[in-house]
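> Sequence:
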Amino acid sequence: MKVYIETYGCALNKADSSLMKALLLNRGHEVLENLNDADVVVINTCTVRMDSEERILKRLRQLVKILNGRKLVITGCMVSTQPYTLKQITPTASLISPQNITKVVEVIESPNVENLIVGIRDTSQLLCSIDGRVASIPIAEGCVGDCSYCIVKLARRRLTSYKPELIINSVREAVSKGAVEVELTAQDTAAYGLDLGGMNLPKLVREVVDRVEGNYMIRIGMANPNTLRPILDELIEVLKEPKVFKYLHIPLQSGDDKVLKIMKRWYTSEDFINIVRELRRKIPGINIATDIIVGHPGEGDEEFENTLNVINTVQPDKVHIAQYTPRPRTESSKMAQVSEQIKKKRSTLLTKIVEEIGMKINKEYIGSIAKPLIISKNTKKNTVLGRLFNYKLVVINDVEFNESPVLLTDATFYDLRGTYIKQY
469 MKVYIETYGC
479 ALNKADSSLM
489 KALLLNRGHE
499 VLENLNDADV
509 VVINTCTVRM
519 DSEERILKRL
529 RQLVKILNGR
539 KLVITGCMVS
549 TQPYTLKQIT
559 PTASLISPQN
569 ITKVVEVIES
579 PNVENLIVGI
589 RDTSQLLCSI
599 DGRVASIPIA
609 EGCVGDCSYC
619 IVKLARRRLT
629 SYKPELIINS
639 VREAVSKGAV
649 EVELTAQDTA
659 AYGLDLGGMN
669 LPKLVREVVD
679 RVEGNYMIRI
689 GMANPNTLRP
699 ILDELIEVLK
709 EPKVFKYLHI
719 PLQSGDDKVL
729 KIMKRWYTSE
739 DFINIVRELR
749 RKIPGINIAT
759 DIIVGHPGEG
769 DEEFENTLNV
779 INTVQPDKVH
789 IAQYTPRPRT
799 ESSKMAQVSE
809 QIKKKRSTLL
819 TKIVEEIGMK
829 INKEYIGSIA
839 KPLIISKNTK
849 KNTVLGRLFN
859 YKLVVINDVE
869 FNESPVLLTD
879 ATFYDLRGTY
889 IKQY
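When you line the sequence shown up against the numbering used here, it's residues 469 to 892, in that order.
No incorrect hints appear here.
In silico BS3-like pairs for lysine-lysine, Cα to Cα no more than 25 angstroms straight-line:
{"no.": "1", "residue 1": "Lys750", "residue 2": "Lys708"}
{"no.": "2", "residue 1": "Lys555", "residue 2": "Lys470"}
{"no.": "3", "residue 1": "Lys750", "residue 2": "Lys828"}
{"no.": "4", "residue 1": "Lys621", "residue 2": "Lys482"}
{"no.": "5", "residue 1": "Lys732", "residue 2": "Lys812"}
{"no.": "6", "residue 1": "Lys711", "residue 2": "Lys482"}
{"no.": "7", "residue 1": "Lys839", "residue 2": "Lys645"}
{"no.": "8", "residue 1": "Lys533", "residue 2": "Lys555"}
{"no.": "9", "residue 1": "Lys849", "residue 2": "Lys890"}
{"no.": "10", "residue 1": "Lys802", "residue 2": "Lys813"}
{"no.": "11", "residue 1": "Lys470", "residue 2": "Lys571"}
{"no.": "12", "residue 1": "Lys802", "residue 2": "Lys812"}
{"no.": "13", "residue 1": "Lys839", "residue 2": "Lys708"}
{"no.": "14", "residue 1": "Lys526", "residue 2": "Lys555"}
FRET-style restraints, in silico, Cβ to Cβ:
{"no.": "15", "residue 1": "Asp599", "residue 2": "Ser578", "range": "22 to 32 angstroms"}
{"no.": "16", "residue 1": "Arg679", "residue 2": "Gln809", "range": "50 to 60 angstroms"}
{"no.": "17", "residue 1": "Thr816", "residue 2": "Asn580", "range": "41 to 51 angstroms"}
{"no.": "18", "residue 1": "Gln809", "residue 2": "Lys708", "range": "39 to 49 angstroms"}
By construction, these hints were calculated from the structure, which means they are not laboratory data.
Ideal placement from N, C-alpha and C gives every residue a C-beta, glycine not left out.
Kindly generate the complete structure, drawing on both the sequences and the hints.
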């Protein structure tokens, strides 16, 4: 059968879509880039924010009108958290929760409507599927947190780590198929191995770089401060490895300790500051990304000002900003809410600050010569994309993959621009 997969949301969802693609291809099915000729349409959903959920529901209503009897399969976090809503809109769709994602082939091949909502994730297999030269490999499902605002914990459940050997084999397969960037993803990579005993994230990454040969770089996915602290010294040593990007995504969420407590984040703003300082002291040029939720219940003017102070103190390379949206069945949704007007105003102010910080940092690269890892090309824009040693994105004004050094000539708050040096 011909299958089209449409994915929304985080790196884990993208990894799940890659897994589904690999399972389908192994079975002999064809995975298409558009739905026009597809026999089956798979929508991999995200429920982390209200706006993304509304966009998905709108898309499902469109599909009901145009599929004309073709099979519709819905996967992802919305299946676990809002199955009844999905069934109201798409009564003939089959539902597969994240825990049952490895059963996608049998659902697609079944003549019946299947609803696989409960269950435990099968972590006995981890197939590799790459997108061009980039592979995304999940190392764990679920997390150990209990954040008051988070609905994903209801969908992804508690922490279940993949066995190291499975991950190593998956990385090896990805590299053999041409991947040069390998992303290790999870809701919280720093929690990896807490359920295995004797294994943790630094040990896993060390095993990968020691045992998998080839020209590739490892990118470590999001790591929460509270689970990162106990392994920080060990992880710093691993980050020094040539095959590991000098990059960490450490979500702060709020720079105010009272709000962090309301969020049930289990660290302080000072903990976050100290982690970043230690990383920068021992890993020169490390690229630090973080997340901020603006307008969470309990955030007044003083609390927001504390967040601005932490951002100005730490000067992260990149900040992902999200205005808080209440999610059903979460503690935060039952608390007194910050007005939409205030959230928008604070988000605008914070965005201006973080863009100025990002621009200032990236401008320091102008005039330098680098040799980025080339990951993709954009034929429409006649550019090639690469990553520096610290995962900084470089847009190269050329159409060919090239191993030549690059002169960095310009910068935005988001990326760097450059041209190949033909004679070096």
